[in-house]
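Protein sequence lines correspond, in order, to chains A and B.
Counting from 1, one number per residue, gives the positions in the first sequence under the numbering used here.
Counting from 1001, one number per residue, gives the positions in the second sequence under the numbering used here.
Hints are computed from structural coordinates only; laboratory data are not their basis.
This one's a predicted model, so the numbers in the text were calculated from it and none came from an experiment.
Virtual Cβ for every residue (Gly too), placed ideally from N, Cα, C.
The reader is advised that the hints may include incorrect statements.
Unchecked claim - Examples of chain B residues toward chain A, derived with CB under 10 Å: (1) A1051; (2) V1092; (3) A1133; (4) A1137; (5) V1140.
As the list claims (entries may be wrong) - Every beta carbon over 10 Å from chain B, so not counted as near; a handful from chain A, in silico: (6) T44; (7) G82; (8) R134; (9) R192; (10) T260; (11) G326; (12) E339; (13) R342; (14) G343; (15) T344; (16) V357; (17) Y380; (18) E390; (19) A485.
What the hints assert, rightly or not - Calculated from the model, a selection of chain A residues having no Cβ within reach of chain B, i.e. all distances over 10 Å: (20) R111; (21) V165; (22) N216; (23) Q250; (24) P328; (25) Q490.
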Amino acid sequence: MPRLLLLLAFLGVSTPLHAQSPLRWGGDSEGGAPFVEADPNDPTKMVGFDVEIAELVARRLGREAQFVQIAFSSLDQSARRGDFDIGLSGIEDIPARRASLAASLPYYEFREVITVRAADRGRFSSLAELRGRRVATLGGTMAYDLLLQAERDHGIVAVSYDDDVHPYSDLALGRVDAVLLDHVLAERAMRRTAGLFTHSAAVAIGHYIIITAPENTSLRERVDDVLREAMLDGTLEAIFRKWQVWNDDQPRLYARLLETASAEPTRTESVDAGTPPGGGDRLFTALPRYLPSLLRAALITLVLSCASMALAVLLGVAIATGRVYGGPAIRAALTGYVEVMRGTPVLLQLFVIYYGVADVIRLPAFAAALLGLGLNYAAYESEIYRSALEAVPRGQLEAARILGLTRWQTLRLVRAPQAFRLALAPMTNDFVALLKDSSLVSVLTVVELTKQTQIFATNVGSWLVPGLLCAALYLAMSLPLSHVARRLEQRWKVVPS
Amino acid sequence: MSAPLRVRGLRLARGARTILDGVDLQAAAGEIVALMGLSGSGKTTILRVLAGLERADAGEIEVPRSGMVFQFHFLFEHLTALENICLAPMHVHRLSRGEAEARARALLGELGVGHREKALPRELSGGEAQRVAIARALAVDPPVLLLDEPTASLDPARRHDLGDALRQLAASGRTLLLTSHDDDFVRDFATRVVVLANGRVVEEGAARLVLEHAQHEETRKLLQIDRQMRRIW
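Throw the hints in and build the complete structure from the sequences for me.
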């Protein structure tokens, strides 16, 4: 019997090895329509033009397509690590990518276009007209690089999002004044959100490509063959028509590509029009350019953390005092607050504060981040203070009472100062944790240290140096603090009587 | 500063356990009254009730404002000796810092710990901490001073110093009520002794008389145990 099982297991494992293994393709289905998105009718299935192109490639290579969910900003890294065979999800053709990965022929040409609120269509039609205004886009894209260039050239304020839906909803809400993104995304946003207007003039031209691991050039060649064939036989056109993104730019692109292909295939030729400024920087030339923005981002992290901590401490003291001295109703309400804030993810709380209540209170991103972190950490701080207050020996309070101090004086002059000394170590811990948790606010478009590092890493195509720099900056902020806290603790050491 | 302290029919129970079972007690200005009794006889509870830290179930209490010196001192751990003493004068009696500090220094000097004013409680020896605690209690000038086991943290030489200090306080017209296990100390320095057993007064009178001619079974038992304990140590 065991032998039979072993045999079955062997057969079960060995069968796919004999057949072709599935073609694993990576993409991001979060807000990914019309590229890749979960089918609203069956969320286990993916739909979108990139899904159909991936299936087309798989079919023509005689393999079965298998989807792998990868965050958009991690697609390059994942390709290099070999998490999938081919990646496509509206991936842009930029020199940095071509330099570090094996990239296919472009299969679609897009225009970077400006979308504004319909009322502003006369005021803002170019980046130059948006001086001093907040302009949003998706982080880690060509459009973001264009906006960074426009920050220098035209004095706009670039705002980076992690997805392509919220830039448009925030545009409608008035949090930003314009969005620069692919016309494919802009057109989709116009259908979804009322009151927007997209200028058809292209700020730049770009192309979508398929990526594979850098060493996998043979697969890349086969993918190119499939794409050329699909350009010729109209399969690509059919797919794009089905998804309503077909336009006259595409046949021109295909004609150009097929012509070059018969001669010498030059891989960078297709991106000339859309080369983002500085997009091709290698690490060493990029470093001096990114260092100032990393330092600025570190400053934002520091200011945000200090302000949030101050809010958390003030609220925490109030909550702890209420829980120790308050009546049953106050105690129940405060306990409820603490349990809810500790029991739900801070990320969820940030989303609710920024996006969830946007119809009622429209907070600026930094204020929402400060409030979200402060409110969340207040719950933790209050627990520290409450247990510290309760740890002050009863004899200390009785001694104060006999001397004639009131309850409030006892709290202020005896209990709180002693509790603070007990709370110092866990508070320091929390502040260091907050310093790192502040990276979560990048989901609210605040570019702090981790986000800036991610942008840096994506653009230079390596995490090593940006990662080390980022770690050094975090340590430079947290180590002195731990040191000061240790010194104070030493000085204040309370020996329980 | 004549301030008689009077207690009648004091009763206190914790759950089913009777702690005080009808205690009568009085002390006049200038007296040093020692409460003696085995552990659990209710000595410390009487001090706590007089200090207002606990509420009796029944009984009459007439007691002027009193200061208390705890067995374990309970000096404020985050304040220096001087700051411990100044806290109540400054915040309860609204003295200026300068005034409070001058009085605190005088008290520390009288008690022989003037040189320790900057020390934190954890840096003080048991005897020093006790004297700082006495100074803290005296800083608000209470007519009655309650001391819980004042000799517990002292060696014999220090015990004598403490006795002298208490005598001076009594001579200045204060009423002193203390608890103690130490019959030598009580014999030498207390004017009167009150022996408690099971929450009741079983014997009282002039210290020397009670301790040398104990009438009650409980008093004899108490003195015997005390002496045995001292021999073991």
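Hint by hint, here is what the structure shows:
no. : hint  : verdict
1   : A1051 : 5 Å, holds
2   : V1092 : 4 Å, holds
3   : A1133 : 8 Å, holds
4   : A1137 : 8 Å, holds
5   : V1140 : 6 Å, holds
6   : T44   : 62 Å, holds
7   : G82   : 60 Å, holds
8   : R134  : 49 Å, holds
9   : R192  : 60 Å, holds
10  : T260  : 80 Å, holds
11  : G326  : 23 Å, holds
12  : E339  : 32 Å, holds
13  : R342  : 29 Å, holds
14  : G343  : 34 Å, holds
15  : T344  : 37 Å, holds
16  : V357  : 42 Å, holds
17  : Y380  : 24 Å, holds
18  : E390  : 16 Å, holds
19  : A485  : 17 Å, holds
20  : R111  : 68 Å, holds
21  : V165  : 54 Å, holds
22  : N216  : 67 Å, holds
23  : Q250  : 76 Å, holds
24  : P328  : 22 Å, holds
25  : Q490  : 13 Å, holds
Of the hints listed earlier, there is not a single one the structure fails to meet.
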